[in-house]
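**Q** Residue numbers (the UniProt record's numbering), protein chains in the order written: chain A, 1 to 142; chain B, 1 to 142; chain C, 1 to 142; chain D, 1 to 142; chain E, 1 to 142; chain F, 1 to 142.
Just so you know, these hints were derived from the structure itself, not from any lab.
All copies of an identical chain are treated as equivalent in the list; a pair is satisfied when it fits inside any one copy or across any two copies.
Dumping the calculated SDA-like pairs for lysine to any residue here, alpha-carbon to alpha-carbon at most 20 Å: (1) K22 with T7; (2) K92 with R138; (3) K22 with A8; (4) K92 with D45; (5) K92 with A42; (6) K22 with D11; (7) K22 with Y10; (8) K92 with R105; (9) K92 with S29.
Protein chains: 6
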Amino acid sequence: MTRTTNTAQYDINSPENLARRKHGLSVLSQIDGHQGEAVIEALADINPAMGHHVAAFSFGDIYDRPGLDPRSRQLVTIGVLTALGGCEPQLKVHIGAALNVGLTREEITEAILHAAVYCGFPRALNATFTAREVFATRDDPA
Amino acid sequence: MTRTTNTAQYDINSPENLARRKHGLSVLSQIDGHQGEAVIEALADINPAMGHHVAAFSFGDIYDRPGLDPRSRQLVTIGVLTALGGCEPQLKVHIGAALNVGLTREEITEAILHAAVYCGFPRALNATFTAREVFATRDDPA
Amino acid sequence: MTRTTNTAQYDINSPENLARRKHGLSVLSQIDGHQGEAVIEALADINPAMGHHVAAFSFGDIYDRPGLDPRSRQLVTIGVLTALGGCEPQLKVHIGAALNVGLTREEITEAILHAAVYCGFPRALNATFTAREVFATRDDPA
Amino acid sequence: MTRTTNTAQYDINSPENLARRKHGLSVLSQIDGHQGEAVIEALADINPAMGHHVAAFSFGDIYDRPGLDPRSRQLVTIGVLTALGGCEPQLKVHIGAALNVGLTREEITEAILHAAVYCGFPRALNATFTAREVFATRDDPA
Amino acid sequence: MTRTTNTAQYDINSPENLARRKHGLSVLSQIDGHQGEAVIEALADINPAMGHHVAAFSFGDIYDRPGLDPRSRQLVTIGVLTALGGCEPQLKVHIGAALNVGLTREEITEAILHAAVYCGFPRALNATFTAREVFATRDDPA
Amino acid sequence: MTRTTNTAQYDINSPENLARRKHGLSVLSQIDGHQGEAVIEALADINPAMGHHVAAFSFGDIYDRPGLDPRSRQLVTIGVLTALGGCEPQLKVHIGAALNVGLTREEITEAILHAAVYCGFPRALNATFTAREVFATRDDPA
Chain A
1 MTRTTNTAQY DINSPENLAR RKHGLSVLSQ IDGHQGEAVI EALADINPAM GHHVAAFSFG
61 DIYDRPGLDP RSRQLVTIGV LTALGGCEPQ LKVHIGAALN VGLTREEITE AILHAAVYCG
121 FPRALNATFT AREVFATRDD PA
Chain B
1 MTRTTNTAQY DINSPENLAR RKHGLSVLSQ IDGHQGEAVI EALADINPAM GHHVAAFSFG
61 DIYDRPGLDP RSRQLVTIGV LTALGGCEPQ LKVHIGAALN VGLTREEITE AILHAAVYCG
121 FPRALNATFT AREVFATRDD PA
Chain C
1 MTRTTNTAQY DINSPENLAR RKHGLSVLSQ IDGHQGEAVI EALADINPAM GHHVAAFSFG
61 DIYDRPGLDP RSRQLVTIGV LTALGGCEPQ LKVHIGAALN VGLTREEITE AILHAAVYCG
121 FPRALNATFT AREVFATRDD PA
Chain D
1 MTRTTNTAQY DINSPENLAR RKHGLSVLSQ IDGHQGEAVI EALADINPAM GHHVAAFSFG
61 DIYDRPGLDP RSRQLVTIGV LTALGGCEPQ LKVHIGAALN VGLTREEITE AILHAAVYCG
121 FPRALNATFT AREVFATRDD PA
Chain E
1 MTRTTNTAQY DINSPENLAR RKHGLSVLSQ IDGHQGEAVI EALADINPAM GHHVAAFSFG
61 DIYDRPGLDP RSRQLVTIGV LTALGGCEPQ LKVHIGAALN VGLTREEITE AILHAAVYCG
121 FPRALNATFT AREVFATRDD PA
Chain F
1 MTRTTNTAQY DINSPENLAR RKHGLSVLSQ IDGHQGEAVI EALADINPAM GHHVAAFSFG
61 DIYDRPGLDP RSRQLVTIGV LTALGGCEPQ LKVHIGAALN VGLTREEITE AILHAAVYCG
121 FPRALNATFT AREVFATRDD PA
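Excised from the complex, chain A in its bound form (with noise of 0.2 Å):
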């Protein structure tokens, strides 16, 4: 399909591109909630650009696809960000992620204990910590 507007691929307010994003944002609610709303929100007035790929590409073109489903992506994700540290913003959005698409409390935490073989006990500890910030406030969202 050829272009019928002169926007560039760039342009992020492109129709294509609005389209796009539109798309992933409605499979980054299906899976993060209103905690990856929040960082979209957060993004709007210092770098949209970023919000946009983060829906658009991560959710939309990535995470939407049908080789590997959401419980394993978050898998995944967890063994990413645990190794990485220092993102455990992100690591809270995604350990609550993680419950909605169907992993229990017990999964997440045996999956961050099996990462400290792979990436060490300090970050395997902050992601502990990390998670159980998260089951708290599901316990009492007050």
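We have chain A already, so just place chains B, C, D, E and F on it with the hints.
**A** Showing chains B, C, D, E and F alone in chain A's frame:
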């Protein structure tokens, strides 16, 4: 249960640790197959204690825990090793293990593409090419 | 603009994605030259979706954005890849790209020396020796 | 020695593991003091298995090994945690442990300055400010 | 020029090092302004040698080199610090420095979005929110 | 002491810097031996300033400082380089330096096993195999 012998807990050749190691090696063999055993053997001369703990701790104590199944564990490991970078030798063994525990090649490459969102394309590219090596070896073990 | 076809956004061979990929590949060719194209080709059998997104997303959506010129982009990339470590294959491609977009050899080696302050000498040494390989290949492409 | 009970090796509350954990906790107390014990207690509700392995494996199996003295171990740990970054909570505990095992404040700050050469000034700065917090708490525990 | 005094090269208060430090501090002030000076002052009690080398080496020896201009240096630094993660305190100072040497806010946020391709969205998100803090402080220094 | 010449501080070939470099090289030779000198020589064509600063700053300014002995410094370095990963070339040089300054092979392998707790087994395995290479070369230098 109190100790009937006087061996220190750190003594990797105490009767207790021989039992722990033996069990760990049997778990490792089921998961990693020959590749994992090769790592333990490679450690025999340089650091037998490290080989002991890879078997006894990583596999006997952690991997064997029932709270997370092997397929899920390998997804976490693929996430961690992709994110760390520079661990291609271990990623080779673990992609092999992933196939052994029932992940398909498509799921493995999807997991790495998924990881790209969280740790960037360079690390994901290196992990992808490692996967290609593993699959090629499986196709033609010569 | 609403979709006139029923292809999913994640389908890398939809008409829209073929167009995005085609544009991305043309940007990549201008910046990375043959080295970048070689990476996409190397992905064709193992993970064509990753190749699609390297082209369509990294180059078509991000690199092509007008807010930062290619010379500046390559300086950022050299910083990232030096700091990550273990990404020497990508650093090779990007040092080549840096030369293509007008950075001099002196500027590239200065950038790596500058990075040493922030990520340490070991990573900077490995990046420096990667630069030497790239320059040597340019001097003697045989 | 064969098992007289039928408990699995992964069962952290088996008689063998209770003994391993008890010994590990006694090593941890000598090295880390209250700070280390606090970490184990903080894990009790969220991931008791992780607390078990921090005690039984990290301290009982590894730290207690005679091939490297505690002062030397803390120097290695300071290097690792400074280089990892994002592990300031663990670095606090381990800088305290370093003082406990006989490293002086001067040696600790020199170790971090030395690390700056290898992992860059930003990580070393963050480690230095963590050391300052620890020393300040020792000077004024209120 | 041979040494006229007998002070060791490592002595940060030798006449030579006082001169190197003084020059480094003047470069640092031009680039980082008050934020950079604040880091040096914060080091005075805990690790004056580290403060000396940040000034004398990082700024006096490296930053001041003519082979790469300050604007280019800050692009490299933004890349390194975004990729490292966990260095938000330093990224704050360096985003400020980037504005001081003539990078625009748009160029800075584009640089971080560009980095996302190479080190992943989590690190880039954290860097973006750090940039937002810096810009907000500039808008309202109270 | 005021400058009697008009050379800039960044000029690595000023009389002052020649003296700093000369002293740094003598420290480096005592610690690293031929391996360290080889790194400096390898830098001569690609980035002589980096070679200058490895010698003058890393060794002349930092390593030579009296507050931490060489054996302790090498323990820190082994921790850093194991944790960073991807720095096997530098780890080779520094494991050699560790032997030169009096650490035994057992202490070195224990240090790496200790590091495994804090940065995971993959990084520690790669460091262990690097140590094996170094020891093998010492046993059979041919």
